[in-house]
Amino acid sequence: MSRLTYVEALVAGIRDEMRRDPDVFFMGQDVGPMGGAMGGAMGLYQEFGPRRVRDTPISESAMVGAAVGAALVGKRPIVEISFGEFLPTCMNQIVLQAANLHYMTAGVASVPLVLRTRIGDGPYRGHPQCYEAWFAHVPGLRVVMPSTPQDAKGMMVAAIRDPNPVLFFEHMFLYHAVRDDVPEGDYTTPLDRAFVRREGRDVTVAATGWMVHRALSVAEGLAGEGIEVEVVDLAALAPLDRATLTESVKKTARLVVAHEAWKVGGFGAEVASEVAETCFYDLDAPIVRVGAPQAPVPVSKPLRDLFLPNEGDVLAAVRRVLAA
Amino acid sequence: MGSFYGLREDDVIAAHYRGPFIAYYMRGADLSRLVGQALGKATGYAQGRALGFTGPVERHILPWVAGDLGTSLGVAVGAALGLQYEGSERVAVVTFGDGTSNRGDFHEAVNLAAVWKLPVVFVCQHNQYSISLHASQVLAGGSVAARAAGYGIPGLAVDGNDVLAVQGAVGAAVGRARGGEGPSLIEALTYRLGGHWAADPGGYRREAELQEWRARDPIPRLEGALRAAGEVDQGAVERLWEGARAEVAAAVSAAQAAPEPDVAALGLDEALAR
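Chains F and P, in that order, give the protein sequences.
If you count the first sequence from 1, you need to add 138 to reach the working numbering.
If you count the second sequence from 1, you need to add 9 to reach the working numbering.
Same shape as in the complex, but just chain P (with noise of 0.2 Å):
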């Protein structure tokens, strides 16, 4: 949420699949639309023809369709040179996780973002784990944010359990982006608080470990924040919390009472552009 609060609408955001929703809720996609999407409804965006994880491409939103990790990263590169071509001061926000910055193609995409100055900010989502590998096993160095200096543009490591945190280490990498200074790549450190997949039970992480980050939970930290910063009260917060849950479960019953996709959707016909 934080990498992607405070864009211009018109920005080009690739949101990584763990958590595109938020993003793509903030960029005004219909919230029924995009559960119908993760349930392969015909009212999803991709009217059941991609993973759950795209959106509505017209609100400058990089669609994910790709079965892989990392070549995400070179679509947003060619979306921050298609906008530095045409002189715009529009930029390009990705995010990916930490396993992916272990493949090839983040550091293609970092060098040639690099090279060419491109206004991209690189956000990488560090969960510390790769399905069941925690990073100490996979990621050599121990930093994503310390890849950045090889490339000589700014790396820069958040708690990403911080909203605020994180949303002002973004923009100022979107200003310095928009300003034509080039890409940042930044880290937000988090966790994944669930399995890898519905039914993963994570059973590969320590319950200690668990417990430690359950106690970081950016959510009731932010909410913390906003009540120190006298910005809410306790009776806004829970009002809030109502108002989204009711949306929530609005947007749920919509999304599993709409049409599966019929043959219409199936478009043979449609492979190629006309």
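One chain only, chain F, in its complex shape (with noise of 0.2 Å):
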């Protein structure tokens, strides 16, 4: 074990595959001698050099198809968008390209990709707009969000080696705010599972990213009202691990799913659509959505504060299921 924070583990496991794997190449804006943005990619051209950490024009689109075609090739790229906010420009790439070629190919080709890239408010409240729920929307990709150093290192491994395009989004704010143990050597974690991270039975809260610490949180202090909040961390939004979330709701009755992106068409929309088709009878109450309304991200400090889902906000829904 080491003790790592969250970017420290995601560098790690890119550092380990390339040491593993020579066919593994990295590439990104700013990913050379300047280690990343944030720090995302600290080390590794010191270590691997300029084959293999790629410094690249600001040419999303193109990255991202060279990610695409090295891959059909034989090796194992994993390309940098240094923010989600940046997709809309390579989109053709992910939706048109890398989701498709493995099916409509009658599935000769295959596309071992893994696009990494950074979500959310963080520190520096730049490019906090979470467009995830679109590529989950696309059949052909795997899409994940880990909530902690031990995910953020064993998702990365696992989705270096997975034959799939793998969208891995990173949370900015939990970049540097949370350092926990992890594993060394050879360490994986599976890309198509949800993690009870906190046992309860009164109600489930299932919550990606940021909102799995804020639920953890939130359950933390009702523990004190005796009240047992059961906190499932999506961590891979497609697919989706259907069984572990109406595992839990069979066994609460109650759901709160919290996500830092808009409600509206969010993810959180196909988490609640799946519990209300399959589980409605097992439901003591509505299903309440936490996430962001309907408008841009703003970005001063105190607007931000006010607009973003907080813990303020998962208390409230928790309390309103728990009434109901």
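Note that these hints are calculated values from the structure, not bench results.
Hints are supplied without guarantee of correctness; some may be wrong.
Stated by the list, open to error - Partner residues are not named here, just some residues of chain P that face chain F (Cβ under 10 Å, in silico):
1) Val-66
2) Gly-79
3) Leu-90
All C-beta atoms in this analysis are idealised placements derived from N, C-alpha and C, irrespective of residue type, glycine included.
Hey, can you piece these two chains together into the complex? The hints should help.
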């Protein structure tokens, strides 16, 4: 074990796989000597050099296309799109090329690539918007969002080894905010599992990213009142681990879904629909969703704090489903 | 045809959706399966799952699966990156239309290939029309080849209806790429004699223009060139035509008789690879 932050764990995962597999290489803007945005590529260039850690021009579509093409000839590229807000610039490559290739070639081609990107509110407040739901909608992609340092490493290693295009969403607030024990050496986390982070019998909170930590904090507080909250970290959005989700709801009979992205059309809508479709009669209360209001994410700190869903919103949602 | 003739069998090819079957055929694809693919039959290489433009991927063909124009350039650049990464002498050749040269993807791909000196050859099949729009309405500067100068790579305009000229230009660019000298851009000026799609009467073109380009049909021109060089005589040309017509007719019959894809080809659990 070593004590690593979330971002250190991400880099450790990439580094371990690059040491293990010579076909793995990494490209992105400023990932070379600068060490990547927010230290996201720290030390990689120094260890692996310019052939395997490649600084790119500001050409997101060509970067993702380059990853697709390199994957098609047998390489295992990792391409970094500095921030999730830039994903619209390479949408065609992701949804028309990477996602379609395996199925549309009748299973002959495969596209083992990792597209890592940063989302959410963070210490610098730039590029906060969360577009993960768009990609969870498209078949042929894996979409993951680790919330702990262990999973940051374990899911990165698993993503690099996976034969599919994996969209890897890294939450910027978590980058330097959490430090935890991370296994050294060969360590993977499954890319299609949700994780019960805290067991409880009274209400399920299914959350992603930073909201997992807020839900855990709310659960801690409510335990003092004798209310036991079960916190499910969705971790993998596509494919979603529907079994773990519904098993939890069947036990607690109440569900809150929480994410930082906009509530309207957000991934929480899929989670709520799944539960409504498969265990409606197990529910004792209507499902409540927590997400951002329907406006662009404002920049100034006071506005941002008013705008984004927070612990208070999760707490209020939990009380609402308990009161119903 | 000139763009893909004379490559190594393991060079990577990415053919534009207009006319890719000739490239795949030259790579050893089964003609009846190609026709079957155009008809959406179970025997097609995509088993009915994709537009008819893709081919046998295992023959180093980058599959055409996207519904857009331009992303194939980035993917071809990526294949070239993979080849350069492994220290191979293999190259990638990608063809595209004049309309595609107005996509941002074209510029991003050429720039990336140029800064990394990737072994890729960009060949523009400049047929002068983006569906109904003539290049003079939509292509600033009037030349695709001239755009190469902005990226510091060779840009060459050739007569796209002269098969041997195209093959000569592409061959030289391939040699350059194989030698580690980086990408080139070739603009092959041609003309789309038919409509954009089967039912398009192409009424936006002038009859005089159509007649002028019919007279430049590359197939009789190649035939004439080969005869003039003493490579073939009249009898050999006729036998080639007969053989080709019979082969195509047999392929079409076989494809028409082939089964439609059924639920087994639907493969709903195959969106992700295992």
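### Message
Hint compliance check: list the failing hint numbers for this structure, sorted ascending.
### Response
Structure breaks no hint.
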